[in-house]
Amino acid sequence: SAVISQKPSRDICQRGTSLTIQCQVDSQVTMMFWYRQQPGQSLTLIATANQGSEATYESGFVIDKFPISRPNLTFSTLTVSNLSPEDSSIYLCSARPDYQDTQYFGPGTRLLVL
Amino acid sequence: AQSVTQPDIHITVSEGASLELRCNYSYGATPYLFWYVQSPGQGLQLLLKYFSGDTLVQGIKGFEAEFKRSQSSFNLRKPSVHWSDAAEYFCAVGNRDDKIIFGKGTRLHILP
Numbered sequence: 001s002a003v004i005s006q007k008p009s010r011d012i013c014q015r016g017t018s019l020t021i022q023c024q025v026d027s028q029v030t031m032m033f034w035y036r037q038q039p040g041q042s043l044t045l046i047a048t049a050n051q052g053s054e055a056t057y058e059s060g061f062v063i064d065k066f067p068i069s070r071p072n073l074t075f076s077t078l079t080v081s082n083l084s085p086e087d088s089s090i091y092l093c094s095a096r097p098d099y100q101d102t103q104y105f106g107p108g109t110r111l112l113v114l
Numbered sequence: 001a002q003s004v005t006q007p008d009i010h011i012t013v014s015e016g017a018s019l020e021l022r023c024n025y026s027y028g029a030t031p032y033l034f035w036y037v038q039s040p041g042q043g044l045q046l047l048l049k050y051f052s053g054d055t056l057v058q059g060i061k062g063f064e065a066e067f068k069r070s071q072s073s074f075n076l077r078k079p080s081v082h083w084s085d086a087a088e089y090f091c092a093v094g095n096r097d098d099k100i101i102f103g104k105g106t107r108l109h110i111l112p
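As you go down the protein sequences, you meet chains H and P in turn. Oh and the first sequence: position 68 is 68 in the numbering used here, straight run, nothing missing. Oh and the second sequence: position 85 is 85 in the numbering used here, straight run, nothing missing.
Don't read these hints as lab results, they were simulated from the structure. What you are looking at is a predicted structure, and each value in this text was computed from that prediction instead of being measured. Treat the hints with caution; some may be incorrect.
[Said to hold, decoys possible] So the derived label-pair ranges between C-beta atoms look like this:
#  : chain 1 : residue 1 : chain 2 : residue 2 : range
1  : H       : Asp-64    : P       : Ser-18    : 45 to 51 Å
2  : H       : Pro-71    : P       : Arg-22    : 40 to 46 Å
3  : H       : Gly-60    : P       : Asp-8     : 41 to 47 Å
4  : H       : Ser-27    : P       : Trp-83    : 17 to 23 Å
5  : P       : Thr-55    : H       : Gln-100   : 43 to 49 Å
6  : H       : Glu-86    : P       : His-109   : 27 to 33 Å
7  : P       : Thr-12    : H       : Ile-12    : 47 to 53 Å
8  : H       : Gln-28    : P       : Gly-41    : 25 to 31 Å
9  : P       : Asp-54    : H       : Val-62    : 29 to 35 Å
10 : P       : Arg-107   : H       : Ser-9     : 21 to 27 Å
11 : P       : His-109   : H       : Ser-84    : 30 to 36 Å
12 : H       : Gln-28    : P       : Gln-58    : 37 to 43 Å
13 : H       : Ser-84    : P       : Ala-1     : 25 to 31 Å
[Unchecked claim] In silico DSS-like cross-links for lysine-lysine, where the CA-CA straight-line distance does not exceed 27 Å:
#  : chain 1 : residue 1 : chain 2 : residue 2
14 : P       : Lys-104   : H       : Lys-7
15 : P       : Lys-99    : P       : Lys-68
16 : H       : Lys-65    : H       : Lys-7
17 : P       : Lys-104   : H       : Lys-65
18 : H       : Lys-7     : P       : Lys-99
19 : P       : Lys-104   : P       : Lys-68
20 : H       : Lys-65    : P       : Lys-49
21 : P       : Lys-49    : P       : Lys-104
22 : P       : Lys-99    : P       : Lys-49
23 : P       : Lys-104   : P       : Lys-61
24 : P       : Lys-68    : P       : Lys-49
25 : P       : Lys-49    : P       : Lys-61
Just so you know, even glycine gets a beta-carbon here, dropped at the ideal spot from N, CA and C.
Could you build the full structure based on these sequences and the hints that come with them?
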């Protein structure tokens, strides 16, 4: 398995600002993922972040709004830019350890945009 | 199209009663199937998974699930629920080389 931590755990941000969320994995993994969970909803994949390549974004998500970094095999960041109240959600990162078929999730970052 | 359906948005059971949460999927290839649980204010925890082999899989916390290919189902069961089982449960389908698709979730309420 993998143990995943996220920072911050929650934040309140003003409209028009940006928030960067950090995700740390306790082991080296090739594949990491970022999800959004809007209030009362299921998880929606934002992008896949593989170390050594550009992030792959799902339909409806763009790099300008959700830039992602993946500087090494244990760390990734997601920035939510130009915040609006519609961005208020839980953002979760996950990792799939190499040679495994299961994604493990971090505790999530709860974002409220005023 | 790939999809996961959890037909029950909310389920309420009494503590000590048995539980079954339904999940149906649509997936073109051989699916990998998962059940995750999300307790209030928490991230997702993997309960169990099915990739191949025995169609009845055991998970953590006394949960089990049965894969039925003919019905495209992967229902989650527990013989006796505890108050601490109150949470949101997500069924998911995917493949090792593909993204995971989550259902909309079933919120489980436990009556004392």
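Results for each hint:
Roughly 50 Å separates the CB atoms of Asp-64 (chain H) and Ser-18 (chain P), a value that falls within the hinted 45 to 51 Å. A hinted range of 40 to 46 Å holds for the C-beta pair Pro-71 (chain H) and Arg-22 (chain P), which are about 42 Å apart. Separation of Gly-60 (chain H) from Asp-8 (chain P) is about 27 Å and departs from the stated range, judged on CB atoms against 41 to 47 Å. Remark: the range hint 17 to 23 Å for Ser-27 (chain H) to Trp-83 (chain P) is contradicted by a beta-carbon distance near 34 Å.
Between Thr-55 (chain P) and Gln-100 (chain H), the C-beta spacing of about 21 Å breaks the proposed range 43 to 49 Å. For the pair Glu-86 (chain H) and His-109 (chain P), the beta carbons lie near 29 Å from each other, so the given range of 27 to 33 Å is met. Range check, Thr-12 (chain P) to Ile-12 (chain H): Cβ separation about 33 Å, and the 47 to 53 Å hint is violated. A hinted range of 25 to 31 Å for the beta carbons of Gln-28 (chain H) and Gly-41 (chain P) is consistent with their spacing of about 29 Å.
Range check, Asp-54 (chain P) to Val-62 (chain H): Cβ separation about 43 Å, and the 29 to 35 Å hint is violated. The given range of 21 to 27 Å is respected by Arg-107 (chain P) and Ser-9 (chain H), whose C-beta atoms sit roughly 22 Å from each other. Between His-109 (chain P) and Ser-84 (chain H) the C-beta distance comes to about 33 Å, which sits within the given range of 30 to 36 Å. Restraint check, Gln-28 (chain H) to Gln-58 (chain P): a C-beta distance of roughly 29 Å breaks the suggested window 37 to 43 Å.
Checked against the given bound of 25 to 31 Å, the beta carbons of Ser-84 (chain H) and Ala-1 (chain P), roughly 30 Å apart, stay inside it. Among the hinted pairs, Lys-104 (chain P) with Lys-7 (chain H) is consistent with the structure: their alpha-carbon atoms are about 26 Å apart, no more than 27 Å. At roughly 22 Å between alpha-carbon atoms, Lys-99 (chain P) and Lys-68 (chain P) fall within 27 Å of each other, so this suggested pair holds. Taking the CA atoms of Lys-65 (chain H) and Lys-7 (chain H), the gap is about 19 Å. The hint holds against a cut of 27 Å.
Of the pairs offered as hints, the one joining Lys-104 (chain P) and Lys-65 (chain H) holds, with about 25 Å between alpha carbons and a cut-off of 27 Å not exceeded. Restraint check: the Cα-Cα separation between Lys-7 (chain H) and Lys-99 (chain P) comes to about 24 Å, which is no more than 27 Å; the hinted pair holds. A distance of roughly 20 Å separates the Cα atoms of Lys-104 (chain P) and Lys-68 (chain P); the hinted pair therefore holds under the 27 Å criterion. With a C-alpha separation of about 33 Å, the suggested pairing of Lys-65 (chain H) with Lys-49 (chain P) is violated against the 27 Å cut-off.
Restraint check: the Cα-Cα separation between Lys-49 (chain P) and Lys-104 (chain P) comes to about 18 Å, which is no more than 27 Å; the hinted pair holds. Between Lys-99 (chain P) and Lys-49 (chain P) the alpha-carbon distance is near 15 Å, which keeps this suggested pair within the 27 Å criterion. Between Lys-104 (chain P) and Lys-61 (chain P) the CA atoms are separated by roughly 22 Å; this keeps the pair inside 27 Å, and the hint holds. Only pairs whose Cα atoms come within 27 Å are accepted, and Lys-68 (chain P) paired with Lys-49 (chain P) is accepted, the gap being roughly 14 Å.
At most 27 Å may separate the alpha-carbon atoms for a hinted pair to count; Lys-49 (chain P) and Lys-61 (chain P) meet this at roughly 14 Å.
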